[in-house]
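Q: Going down the list, the sequences are from chains S and G.
Residue numbers 1 to 460, in our numbering, belong to the letters of the first sequence in order.
Residue numbers 1001 to 1302, in our numbering, belong to the letters of the second sequence in order.
Keep in mind that the hints were calculated from the coordinates and are not lab data.
Positions of the beta carbon are idealized from the N, C-alpha and C atoms, including for glycine.
Incorrect hints may have been included.
Stated by the list, open to error - Chain S is nowhere near these chain G residues, computed Cβ spacing over 10 Å in every case:
{"#": "1", "residue": "1184"}
{"#": "2", "residue": "1220"}
{"#": "3", "residue": "1232"}
Said to hold, decoys possible - Computed from the model, here is a short list of chain G residues facing chain S with C-beta under 7 Å:
{"#": "4", "residue": "1098"}
{"#": "5", "residue": "1199"}
{"#": "6", "residue": "1202"}
{"#": "7", "residue": "1229"}
{"#": "8", "residue": "1236"}
{"#": "9", "residue": "1240"}
{"#": "10", "residue": "1256"}
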Amino acid sequence: MTVASPWVLGVALAAAVGVLLSHLLSVRRPPLFMLPTTRFLPTGSVRAVSMSTRPSDLLLLMLRLLAVLFAGLAFAGVQWAATREPIVNLVVIDAAAEADDSLVWRASVERVLQESPAAAVVLSNGQVLNGDSLTQAGDSIVVMPSRTGSLASALLAARRAAQRIPLRGDSIALQLVSPLRADANTDALDTARAMWPGRIAVIPVSFTQAADSARDRRLVVRATGDNDAVRAAFARWQMLVTADARVVRDRVTPDDMSFARNGGVLVLWPDALSAAASPVDSATAGPLADSLADSLAGAVPLPAVVANGRALVARGLTPIAQTDAFAINEAAPAATVSNVRTVAWWPDGSSAATERKVGKGCVREVLFSAPNGDALLNVSARGVLAALAAPCGVAAGLGTRPALTEAQISMLRGDGPLASADAFRGAGVANPWARWLVLAAAVCLLAEMLVRRKSPVLTQ
Amino acid sequence: MTYSPSPLALGPLLDALRGVTWPTRERVRAGMPGAHRALQRGTTGEFTEFRAYRQGDDPRRIDWRLLARSDRAFVRVTDERAWWTTWLVLDASASMAFPESGVPAARERGTRSALDKWTMVRAVAIGLSAAALATGDPVGLHVAIRPDGKRLPARTRRGTVQSIARTLESIVPGGDAALAPVISRVPAGARIVVCSDMLGDTNETLSTIARMGAAGSAVTLAHVLHPLELSPPRGAWQAVDPRAASDRRALSEASYARYTQEFSAWRSDVARRCLSAGARYVELSCDEEPARAVRRIAAVPV
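Produce the entire structure from the sequences given, and follow the hints as far as they go.
A: Now the structure itself:
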């Protein structure tokens, strides 16, 4: 049995003692006595204090005591639970916009859940995954990082989840999985942190650090024509190249695969005008092709490809499928969920460019045609180009992202005990026992009223 | 609790009063021949004295032997006897219905079982009527009760006692009928016995008694008292006046002495005023045998 407010129970016990004493020491009207010579008595109060060593009206006394005790138990928040966990785990994933390495995310979350099963996993966009529906350690857990949300929203989502999900423990251990970037320290973060009444375990996402930007990186673009837009773009944005990369626009050669196996970044970006790429069939493309077709007609906004928080919006961005000329030989491992990650997205979330690990390096397949004109020379193309030119397995960014300082992380972590589950049980999760205890108290009060009315009047 | 008159056994009561008469000391007014000496002297009664012959006396009343012996004319004078109408005036107000049935205080240890006040009055009235009829006096009855009271004319016929008994048995005391107007209806010059607890119109009743006494009536006030009024039950009680239910007062150890003192003083005042009015004052205690009370009232010549 647990008691949420022991002091309320103490008040109820004191009231019960008072009820008992009132049945021993009661001031009541004496019995009536018809006396014709009443006029010779002095006038005054007809009340008399009667003292008895045994309580009177035992039935009334019992009903009153039960009513007081039931009400006290109800308001004290008494609960009887068959099974109870002392600590309930809640995992919050800060899937901020810049967290674009799903493999790393997945590994971090799996590691956290393996260490302690969670009652729920909350994404920063508010989505709650019930802990019971997650697979146990060893199985793959599909947790797609959201492109929306922030650290502050992750904490608010955690609070809402704590109020919604049934809590069978006394304390809530909140584990925050986040890249802890400095840009997460928004004005709302302090307020959101203050709304969580307890200590937080901060688990930084272990991204592979970006390569030292001071080292010279080389990117070669092999194209058929001299006026290749991609070559011109990478020449324009050389500072975005952070890996030894080779962009192939015509056909893949065994030498290209060797380059990738030896640790290089091979980018397969077929030229839409060459036979290396074929447009995506509208019948199989689905809604994306339809939207693109409509966009070409000017009915809807222009297509876009998103990477690194920037959107490349331009005409001519059409989905393509790589032909056999860009087929990777059987020596390369097959693409699976565990070794393929997305480095650029269409607006509907589908992959616009993927990265597959090959040997020491990787192969990035670009699934959209390069826009004509100078679209790739604009600032908006920096995100896509940086993602394509980043080292393998690295969350490509426009330079090294600063992280939160130790003081900020310490503030985020907080000190003191874990959050109490009672803080979230208020209106959201009702105490089932309270209803029955209040009902029992009401029944006792009703019975007391009936018994009191039927008691003989204090007459002779 | 409600009041119900106790049954009264007439047989034992009348047997106990067999032979009891109700003489008088004073001379009554002239009337039908009876047992009491009348104020008026006559010639047909018992010889009492000789009186000198006066002009106008009947010469046939002259005692010739005394004339021969004394050579002076004297006439014989005798006492006339007449009956004296007796009226019983009974108070049947709510205060006479005491105590109520089943009162725990009535079962107080050490207290002789007492009749309730109305039953005691009934018994005394029947006993006095029997004594008066045995003396040859007519007996009438007045009962002060709402709405119009009860009245039985004064009679000497046989069955008068039973008639009075039946009338009284049908009455249940209640209400607050005034006693003084009922006393006023009694003809002057009669013997009046007022049986009441004097808790109603006390002042008016005493004034009427005084007036009736001045008019030539002989009034006896039988003040009915119950042992529970003289010694209320101990403990804490909420006393209620049956005449005024809203008047509730605490009866407890703290107020007991004050009550006893006040009640005793009031009784003494009533007795003094009654005697001052020329009436006779008798206290009737409900724990007394009714026959004994009747003897006590009738034995003392009024």
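Q: Which hint numbers does the structure go against, in order from smallest to largest?
A: Result: hints 3, 6, 10 break, sorted rising.
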